[in-house]
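Engineer: Sequence:
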Amino acid sequence: MQVIQCANEGVPSTGVELNGILVVYSKYRAARDGLSGVAKFHKRDIFRTDLKQYNTAVIFGAENLMKDMVPKLSEMKSGTSLLACRFPLPECEQFQQVGQIGEGIDAVYVYRRM
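Here UniProt numbering is used: the first residue of the sequence shown is 1, the next is one more, and so on.
Careful, some of the hints might be misleading.
[Unchecked claim] BS3-like cross-link-like pairs, simulated, lysine-lysine; straight-line CA separation at most 25 Å:
id	residue 1	residue 2
1	Lys43	Lys67
2	Lys52	Lys67
3	Lys77	Lys40
4	Lys52	Lys77
5	Lys52	Lys40
6	Lys52	Lys27
7	Lys43	Lys72
8	Lys40	Lys27
9	Lys43	Lys77
10	Lys72	Lys52
11	Lys40	Lys72
12	Lys67	Lys77
13	Lys27	Lys43
No lab work stands behind these hints: they were computed from the structure.
All chains should be modelled from the sequences, with the hints used to inform the complete structure.
Structural biologist: The structure is reproduced here in structure tokens:
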């Protein structure tokens, strides 16, 4: 629900999710909270989504997908902020870890696109 939280702060936000039920629920929550104009949700495969337009991203990837996410996330512009929830990205040239909040399943890894 980070998209909803950002929208609550007035930040236009977009969620991309494969699970149609989660997309419908997220759209419902945005409408219920009066945020439909600020929070958008799309049923899409992230690997088929153009990420160049975004300057901040929050991802909830499975541990075994994080390595595969690096080339896709690298489409984003230099200076982009990336928050990876629960699992870190593998070490790579494209992203520098600049922080970590929490530990274990509550961990959020903060990166900057180089």
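Engineer: If a hint holds in the structure, say so; if it doesn't, say that too.
Structural biologist: Hints and how they fare:
Distance hint between lysine 43 and lysine 67 is fulfilled; the C-alpha atoms sit about 22 Å from each other, no more than 25 Å. A distance of roughly 19 Å separates the Cα atoms of lysine 52 and lysine 67; the hinted pair therefore holds under the 25 Å criterion. Between lysine 77 and lysine 40, the direct Cα distance comes to roughly 21 Å. Compliance with the 25 Å bound is thereby established for this hinted pair. Under the criterion of a C-alpha separation no larger than 25 Å, the hint pairing lysine 52 with lysine 77 is consistent with the structure, at around 6 Å.
Restraint check for lysine 52 and lysine 40: satisfied, since their Cα atoms lie roughly 17 Å apart, inside the 25 Å limit. With a C-alpha separation of about 23 Å, the suggested pairing of lysine 52 with lysine 27 holds against the 25 Å cut-off. For the suggested pair lysine 43 and lysine 72, the alpha carbons sit about 17 Å apart, so the restraint of at most 25 Å is met. Straight-line distance between C-alpha atoms of lysine 40 and lysine 27 comes to about 7 Å, which keeps the hinted pair within the 25 Å bound.
Distance restraint check for lysine 43 and lysine 77: the Cα-Cα separation of roughly 23 Å lies within the 25 Å cut-off, and the hinted pair is therefore satisfied. Simply put, lysine 72 and lysine 52 have alpha-carbon atoms about 10 Å apart, close enough for the 25 Å limit, and the pair holds. Distance check on the hinted pair: lysine 40 and lysine 72 sit about 21 Å apart at the alpha-carbon level, within 25 Å; holds. Simply put, lysine 67 and lysine 77 have alpha-carbon atoms about 19 Å apart, close enough for the 25 Å limit, and the pair holds.
Note on lysine 27 and lysine 43: the hinted pairing holds, with a Cα-Cα distance of about 11 Å set against a maximum of 25 Å.
Going down the numbered hints, you'll see the structure goes against none, and every one checks out.
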